[in-house]
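For the protein sequence lines, the chains are A and B, in the order given.
For the first sequence, the positions run 0 to 463 when numbering that gives the first Met the number 0 is used.
For the second sequence, the positions run 0 to 463 when numbering that gives the first Met the number 0 is used.
I should point out that these hints are in silico values taken from the structure, not numbers from a laboratory.
Watch out, some of these pointers could steer you wrong.
It does not matter which identical chain is used: a pair holds within one copy or between any two.
In the DSSO-like style, the derived pairs of lysine-lysine whose C-alpha atoms are separated by at most 30 Å in a straight line are [said to hold, decoys possible]:
(1) K3 <-> K333
(2) K165 <-> K65
(3) K249 <-> K40
(4) K40 <-> K78
(5) K330 <-> K379
(6) K40 <-> K370
(7) K273 <-> K108
(8) K393 <-> K65
(9) K165 <-> K40
(10) K232 <-> K249
(11) K77 <-> K108
There are 2 protein chains.
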Amino acid sequence: MMKKDTIVALSTAWGTGAIALIRVSGDEALEMTQHIFESRKATPLAQLNSHTLHFGHIVETTAENKTIIDEVLVAIFKKPHSFTKENMVEISCHASPYIIQTILQLYSKMGARYAKAGEFTQRAYLNGRFDLAQAEAIADLIAADSEAAHRLAINQLRGGYSTTIKTMRNDFIQLAALLELELDFSEEDVEFADRTELQKQINTLEITIKQLAESFRTGNALKNGIPIAIVGKPNAGKSTLLNALLNEEKAIVSDIPGTTRDTIEDILIVEGIKFRLIDTAGLRPTNDTIEALGIERAKQKMNQAALILYVIDTTTHTITEAKEEIQNLQKELKNEYLLVANKTETLNNENLEAWQNAFENSLVLISAIEKKGLENLQNKMLEMTLKDGFDKDKTIVTNIRHYESLLQTLEALEKAKNNIAKQVSTELIASDIRTAIYHLGAIVGEINNEDLLDFIFSKFCIGK
Amino acid sequence: MMKKDTIVALSTAWGTGAIALIRVSGDEALEMTQHIFESRKATPLAQLNSHTLHFGHIVETTAENKTIIDEVLVAIFKKPHSFTKENMVEISCHASPYIIQTILQLYSKMGARYAKAGEFTQRAYLNGRFDLAQAEAIADLIAADSEAAHRLAINQLRGGYSTTIKTMRNDFIQLAALLELELDFSEEDVEFADRTELQKQINTLEITIKQLAESFRTGNALKNGIPIAIVGKPNAGKSTLLNALLNEEKAIVSDIPGTTRDTIEDILIVEGIKFRLIDTAGLRPTNDTIEALGIERAKQKMNQAALILYVIDTTTHTITEAKEEIQNLQKELKNEYLLVANKTETLNNENLEAWQNAFENSLVLISAIEKKGLENLQNKMLEMTLKDGFDKDKTIVTNIRHYESLLQTLEALEKAKNNIAKQVSTELIASDIRTAIYHLGAIVGEINNEDLLDFIFSKFCIGK
């Protein structure tokens, strides 16, 4: 599976900057660079120490003349002590598109190939630098835009997650080995793997895998943002609340009921956790076609939300009316909700207390227009969406490919358990276990499928 | 003038990429990095060799816990062997905005300051790594988008240009020294500097400076693109020619005379030389207000152009008519022009020959619609705008600040020559020569004016 050709790419972003970094990896990385690099030192690059930097010029030599392309720093990494475990060169040049293009073309002329997206990381994986889950964590790390998403990616990159998967996989391999031993002695009709014990072991592993699969809901939310729908009757102050939380005039606000028709989304980061706030059209019977479509969308968003902020206008609603509305809402939806009693700027202390007592913990009093009670609301959002708290050391699945593999593992285990209960032949049970092993292995890349790998790495950026 | 605080900046472009480079420079660069960098090696960074790379983690340590921010490569440069001649650290981290921000903030918390635009280069200059003209060449190098502009910037960066200026400046310093010797012995009324000889020497230097100043026209054109106006009567095929040269549908083309109103510009690079092609409104008397404004603009652009391509429709013009039009054009403009006889696809060989014979070298026959004759036209454009050829080894001024300094030098020399002719006192002549020395010195930065320096470096990008 080792690809031996030499690849080259710009690894830093295109655009205005001072420095650009060009990466070269492969057997000929040093030799090719030698042809276009001139420095004061006479020592050939191949004889210099790994992890050293060298100042000099990139030059283009033709039959007629020699042109200096740039003053650069060349970093040398010798196999296996490089990111890809191959010989590597990194050139820091001036970030001019002309210079970058020219250097890339010089390598291309010498037979290097422009790297595909993620190809450096793919080589690192193929050469055993890390497993597939760790490789995928690099793409997540680059995309992470909140503390929580960043932490999940770093943990996965550092391999804690991979260890959990590999340990389980090894346990299954032992189970499979016992079963296969029975097959070897099948004529003698022995049972090395006690069926009750087997069932018990499978149950234990199944619980761990189920927990991991369930963590995907949290993991995915932390990575992509926890969806929070802001819902309520027209003019309850939903858009005002969105703007207050975002601290900008994102949604158009007016006194006219039905101002918001499209659903409006934006990102809010609270204590390192990313939320996707979704402002929706006010819920009411309407003859306006566009508004009706908006209300339809609002309902879809409510269904997908991890938490619904149900906004009530305390100036137009009594506590009893609010309770009725909530009961109606609960009939339609199973999602968790938090009652947000808005426009409290007009309520006296007695009224405020009455509202709080009536709903207790499921209500937050706010004044969106005066930006009051928002911190309390944000804390509630954190508390209700990350119920178990956000345990830093807990293994959390964030990758949908891993999630699907876990579900497939569970399916295989379910089959195995049924087959054990039905006392079917050892062959079938062993096959179920092997299927489970295959799917767990797919997560960390202990598989042999090049198409799958190309697909995974194609989602990376070029130069990584 | 040494600024001792430690500065930090992102040196690569913001945006999607695999790797980002954060630069730190100053006395505390190594010590600060030591606080947030963890690797397997126990050796403190300050004791490691310059120009070495080290793999490890950037960590954020608080009272409660320690968070890994990223896996990075840290490059160490020890003074004076770094770009700024100060201690420097370059961190290659993953190009995630979250990671970049966090690392910049970590340095900021330790007392580092975010670098101003160009501040790394400014420090390199202040610490004597190169002179001012070389420092300015770095900004030009990054901006260069054609081979010619790139070559000029590299030559200036490599210091050939600075040597020319410095040699002249030294010649003037010798002249000034002789004159000042006279002042020391003024009571004795001696003349160390023979006036005729002095005049001769000034003349020689003046010629060189004039040539340099004149080279700015070429230098500026090579850097920013040589302006070429495409001019002619409506429907002569000017926009078709623009599109054909650019090989894209840049300008709207129709059979209706007066289609083009705005002037349309785009860049064409021919053999590494950058041209700015300017398509203009067709010239004719008109009552249409917008078209009239367009024609006004066309005339402005004609005045500014280095070369005018005057397009004639050979299907509607006789040779005599074409000659008349050209004569009218010459009355209005002093710029160089090339007659471009278009729509030759309908002419027979006899006609083609007649046109060519009538105008000889000042005419190119083309068919814009069939993209014929374009290479010939491009060669003519090169030939007519770069008359002396583009001598690679010739010193060419590309920077307007240098050009202005050269003009100021010439002005001082003119005064000196007048004063010598008028046989005025040695003091005045010496003062003129000193003014010339000052202005030449300003080009390479042998001056002492911090405001000027801050202004020059503020045009750089951050991180350089």
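_K40 and K370: within-copy, between-copy, both or neither at 30 Å Cα_ = Cα proximity of K40 and K370: none, with 65 Å in one copy and 51 Å across.
*Up to 30 Å between alpha-carbons, please classify K165 paired with K40: within, between, both or neither.*
Between. Shortest inter-copy distance 29 Å satisfies the 30 Å Cα cut-off; intra-copy 48 Å does not.
*Indicate which option fits the pair K232, K249 if close means a Cα-Cα distance not exceeding 30 Å: within, between, both or neither.*
within (20 Å within a copy, 52 Å between copies)
_Homo-oligomer pair classification [K65, K393; C-alpha up to 30 Å]_ = between (59 Å within a copy, 16 Å between copies)
*When no copy is named, should K165 and K65 be tagged within, between, both, or neither for a Cα gap of at most 30 Å?*
between (55 Å within a copy, 26 Å between copies)
*Between copies, within a copy, both or neither: which fits K330 and K379 at Cα up to 30 Å?*
Classified as within: same-chain Cα gap 23 Å, cross-chain 81 Å, threshold 30 Å.
*How would you classify K249 and K40 at a CA-CA limit of 30 Å: within, between, both, or neither?*
So K249 and K40 fail the 30 Å test inside a copy (59 Å) and across (50 Å) alike.
*Within a copy, between copies, both or neither: where do K273 and K108 come within 30 Å Cα-Cα?*
between (46 Å within a copy, 25 Å between copies)
_My question is about K40 and K78: at a cut-off of 30 Å on alpha-carbon distance, are they close within one copy, between copies, both, or neither?_
both (22 Å within a copy, 19 Å between copies)
*At most 30 Å between C-alpha atoms: does K3 with K333 qualify within a copy, between copies, both, or neither?*
Answer is neither; intra-copy 55 Å and inter-copy 62 Å both fail.
_At most 30 Å between CA atoms: does that hold for K77 and K108 within a copy, between copies, both, or neither?_
Answer is within: at 23 Å inside a copy they meet the 30 Å cutoff, but 36 Å across does not.
Hints 1, 3 and 6 from the earlier list are contradicted by this structure; the remaining hints agree with it.
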